[in-house]
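Residue numbers (our numbering), protein chains in the order written: chain F, 1 to 298; chain V, 1001 to 1174; chain X, 2001 to 2103.
Keep in mind the hints are simulated off the structure, nothing from the lab.
Some hints could be false.
Said to hold, decoys possible - The list that follows gives simulated cross-link-like pairs (lysine-lysine, DSS-like), each with its CA atoms no further than 27 Å apart: (1) V:K1092 - X:K2102; (2) F:K51 - F:K192; (3) X:K2090 - V:K1171; (4) X:K2102 - X:K2090; (5) X:K2090 - V:K1092.
Computed from a predicted structure; not experimentally measured.
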Amino acid sequence: MTTVLILLLLALGAYLVAVIETWTITGRFQLAAPLFAGIALLGRESIVPRKPDRIFFEVAPVLLLISAILAAAVVPLTPDLIITDLATGALFINAALVYVLVALLMAGWGPDGAYAMIGGWRFLGQLIAYAMLIVMPITAVVMRAESLLTTQIVVSQAGVWNIVYQPLGFVLFFIAAMALAFLPPFDLPTAKGELAGGVEAEYTGVRLAVFRLGRLALIITLAAATVIFYLGGWQGPWLPPWAWSAIKILVVTATMLLIGRFMPRIREADLLAWCWIFGIPLALLNIFLVGVLVLVLP
Amino acid sequence: MSAQTFFIGFFGLAAVWFGIVVFRTFSMVRSALALLFSQTALGAMFLSMQAEFLGVLQIMMMATEMSIMAIFMVMFMMDPGGLGEMDMTHQKRLSLSAGIVSFVAAVAVAVFVDWGPVAHTAPDAAQQTVDLGLELLGRSMLIFETAGVTILTAMIAATAVAIQPATWRSKHEH
Amino acid sequence: MSIDLLLALITGAALFGVGIYGALSQTNLVMIMMGVELMLAGAMVNLVAFWRYLHPDNPAGQMFVLIVMTVMAIEMAVGFGVAIARFRAKGSVEMEEAVELKG
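The shape of chain F in the complex, shown without the other chains (with noise of 0.2 Å):
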């Protein structure tokens, strides 16, 4: 029942996520414009280019999707909302959602064609940068929770939001879920404008709405990490619990399309530079920070 019920929200959250990027984009507020777009893509011609790697060309999309609902199968909603409440839950949300890049990969290499391929090495390069500001901030927020328990770690933010006690760790990790979904100006696997499309660009009719349903699936479950781990997940005074959830996660995933909006795409060479010469540093300073926090608050 619960399984269901957070499949039905997800794919909810997903359309919403289409309807918010569409307006970040054209500024336009249109609520069924994602449905037509949809209906237009399932009824197009689904072209399988010339000497594919059959297997991971129709792997890929469908595996894209999975890892996303996988990685959403940890994040408690509610206090009961949650599919499995897993012992290692902030760990699985990282091994989940690594299976991104094995879809993209997947995605380049399946079709045989040039501008696919780059984009999906692109997003191998695009890992290395991004993977350890991922892991090190959710080692600080489970330092704080002294749990790897997603619903424990909403506990532990009971007086003060982790945005609050680790700020830095919230930027760190707001701007590697941006990578991780690759969105703009992380776009660099689908790199509109400049790789035609990447490793979208061989896909066509219902293997391509496949590909962005579990784009936007995997949006929104970043936005619902990034609150549970960062905003206090269901807690708020005032609205039930659902209430704040669905509200949260809303706001972050429209900060997350609109910071892409105001952005240049983002140099490969300078992505990693910065990531490794900052952007660690500066992770192992948070785990560093919350830890003394830890010892010395009570």
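Chain F is fixed; fit chains V and X onto it per the hints.
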């Protein structure tokens, strides 16, 4: 047969099958990703053996490792796409017999040794994670620290070996 | 003796055998490293199985698995470092061509 036995057998079979695929496919990216799925199946097997932390860690670490392996395969192999169906093996008979002999020997040990009483219950996952953490920073701290320092050494050594020498650069970039 | 333990040990043995076959038969350094990874994976299965079925109360068994994972990562890092250096010097990482290593 319990569900645990079924899943251990199933994921074990999947791991071995993907392991064989690694050396039977001509496409290098397929080969690397087959290794990845072999390791992922192992991670799932750890999960079905109730080692939750290790299973999730295995699934997470191997995805990154094997994807990086894929790009090195494409860089260094002569025929990364595998369309030429090049034979990249040597001393086939020797290696096949070595593989079979070691497999048979290990299975014989597994079958004929008396392993003593088998534990039927394991601590629950949360308790395991706590125990492992205390073990790593308690009794086994020296070993764990050694592993960390060794990884740092390996990183520095690998970078030092792989970095582009100045003489090479002046020869190739005019 | 439990069937679960036996299954896990046989899986470990099979992975080890496949790994040995790969490490001996492949001519390319990267493929040889894949064989070594499979052998280490076989060892890892055995460690987890021994921890689960013989000493579930002793977390040191799990720690060994972490050490094997570390060894895998180190092997990858150093192996690829050597591969890059060799490729830059000789233009290939085919082991048949590395005759100068023969004493």
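Hints and how they fare:
1. V:K1092 - X:K2102: Answer holds: K1092 (chain V) to K2102 (chain X) is near 20 Å, not above 27 Å.
2. F:K51 - F:K192: Given pair K51 (chain F), K192 (chain F) holds - Cα atoms ~24 Å apart, limit 27 Å.
3. X:K2090 - V:K1171: The hint holds at about 14 Å.
4. X:K2102 - X:K2090: 16 Å, holds
5. X:K2090 - V:K1092: 25 Å, holds
The structure fails none of the hints (numbered hints given earlier).
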